[in-house]
Amino acid sequence: MTLTRIYMEQKSKLKQIESRLESALKAPQPILNEASLDLLRAGGKRIRPLLTLLCAQYGDPSRETVMKSAVMLELIHMASLVHDDVVDDSNLRRGKPTVKAQWDNRVAMFTGDFIFARAIELISDFDNDEIHMSISRVIRDLSLGEIDQIKELYHWKQNMRVYLRRIKRKTALLMALSCQLGALASGCSSRVGLSLYYFGYYLGMSYQMTDDILDFVGTEKQLGKPAGGDLRNGNITLPTFFALHKYGMRNAILSVLEDKNPKQSDWDSIICAIRDCGAIQDSEQLSDAYLSKAKTILERLPQQRATRSLKEIADYIGTRND
Amino acid sequence: MSLNEELELVYQQLRNELNHDYVKTILPEPVIDRDKLMIYYLLFRRQESRANAGVYAKSVMVAEIGLNTHEMITVEKRSDMNAIKMRQLTVLSGDFYSALYYYTLARQSNMEVVKWVAQAIQTFNLHKFAFFYSETRLSWPETIEIVMKIESALVEKLARQLGFARIVPYLNAYFLIKRLVIERKNHGKSERDSYFSQTIQGRFEKVTDRLDQEIKNKVAHLTHILNRQENHSEWLIQVIDYLRDQLSRLAEGVEEGTY
Chain V
143 MTLTRIYMEQ KSKLKQIESR LESALKAPQP ILNEASLDLL RAGGKRIRPL
193 LTLLCAQYGD PSRETVMKSA VMLELIHMAS LVHDDVVDDS NLRRGKPTVK
243 AQWDNRVAMF TGDFIFARAI ELISDFDNDE IHMSISRVIR DLSLGEIDQI
293 KELYHWKQNM RVYLRRIKRK TALLMALSCQ LGALASGCSS RVGLSLYYFG
343 YYLGMSYQMT DDILDFVGTE KQLGKPAGGD LRNGNITLPT FFALHKYGMR
393 NAILSVLEDK NPKQSDWDSI ICAIRDCGAI QDSEQLSDAY LSKAKTILER
443 LPQQRATRSL KEIADYIGTR ND
Chain B
35 MSLNEELELV YQQLRNELNH DYVKTILPEP VIDRDKLMIY YLLFRRQESR
85 ANAGVYAKSV MVAEIGLNTH EMITVEKRSD MNAIKMRQLT VLSGDFYSAL
135 YYYTLARQSN MEVVKWVAQA IQTFNLHKFA FFYSETRLSW PETIEIVMKI
185 ESALVEKLAR QLGFARIVPY LNAYFLIKRL VIERKNHGKS ERDSYFSQTI
235 QGRFEKVTDR LDQEIKNKVA HLTHILNRQE NHSEWLIQVI DYLRDQLSRL
285 AEGVEEGTY
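Protein sequence lines, in the order shown, are assigned to chains V and B. Basically the working numbering = 1-based index in the first sequence + 142. Basically the working numbering = 1-based index in the second sequence + 34.
Treat the hints with care, since some could be wrong.
As the list claims (entries may be wrong) - With the C-beta cut set under 10 Å, the calculated list includes, among others, these residues of chain V facing chain B:
hint, residue
1, T146
2, H225
3, I277
4, I292
To be clear, the hints were calculated from the coordinates, so they are not data collected in a lab. Glycine included, each C-beta is placed from N, C-alpha and C at the ideal position.
Chain V with its partners taken away, still in its complex shape (with noise of 0.2 Å):
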């Protein structure tokens, strides 16, 4: 329960930026005003901020622009799911219907675009050329991961570092620069920034490796969807591609993948294989990996409380469930 030790001593600043993130949604548009808040209300583990509060404790946690990065952080996050959704014709999204569900893919658009912007407004005031470099670099990133991910739906020759390109893009850079503007907006130095930034890279990439087997061996309930979702649209993610290149399930696989209507069943058969053949041990081996590398990161840093949590974070990643 150490995670939650972390968001209770969080807790008031955790408060703030959720009241921040509610002004900053507010717009005199009644479906906008709707669609942003219903978001807001969804919740959501706020991951991100949360990170770029602790790291804000190896500077000046009190300044105005950490408040102001976190905001923005989840803002360009809530922004991606809202457009994610369209992309993935998803009407459910933590138990809740989607904007394009509720309303449309137009209003999901505008809406959106509508939360980017004000992301961006929110931050243009920062005067650091360093911030604004990193910030506008992952942010053009993320939108090129998802566009990859669309190129290599059922290409299933794809390479390991193809993966790892695209999940880096997808997750790893956005909890990267969670880290990084963290210290940076604390004032901290650009070599402690780089660290942190490392950190949050390789604990995003642990992050959406573990994503991907929880898709695998979680349950509807745990989901909200059937399980094996990402390959049943075609998404070649990590337990599937040990499946493919170590475990010589090719065939099997790409019966499924390549059929024009798979039954149900097909699915259902092929997604128990993949989770029984040894492909998840070796997704799980490979998410520790990476959560090592970020542990490795935190020991040449300053040895301090922040430093505890951010370690107790990367622990929960490597054992969560959801």
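Given chain V, put chain B in place with the hints provided.
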């Protein structure tokens, strides 16, 4: 180098920057409005070097292209793989273009322009909501007014922030006419070709007749204000001459009904 050659250079650079090897295999090349690009360039060129003005003009244009790309999103259920992929990439390429504007301006350390564009994008989206999801039934003049605000959201913001509020009425009128002509030309075609004439089809009768009349009125009005003898600066005269030339080309098509 003449102004037109400078613009051509900026245009080609922008085309290259928008180029994405995979996206271009699925989606049509994004449309770059040369008139908007020219106006952005002229707005910045007044105070900036040729190189800087080019970078700023491209950045604002790319943000606008991001928004225009998202306008193309389809709302109905699709099941064939190609249509799904097109929709997915419409979302993601729009996001990519929106990200590019901040990326480029951050490398120029020009956060002021980043802020103006971010504010203009919010205004643009609010107008879009007002157009598509108005709580009351919009009259024809209200509809046209909102379309004008949508079309000029970014260019108006830039002109005002850079101290050229005087040219805003010209820009508003010109870019509205341009949009009306595009909508008239594409009326009845696919969603990708127009954003509003499909939407107002159910709201008004005789949409094409209304568009024809509106275009004629607006062209006459803009021609009149562009030809007014006023004490303009050399720079403003350059902008007015450019708009006058472009308008006469548009008007020619309108006169002939060829659009």
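We went through each hint and held it up to the structure:
no. : hint : in the structure
1   : T146 : violated, 34 Å
2   : H225 : holds, 5 Å
3   : I277 : holds, 7 Å
4   : I292 : holds, 5 Å
Going down the numbered hints, you'll see the structure goes against just number 1.
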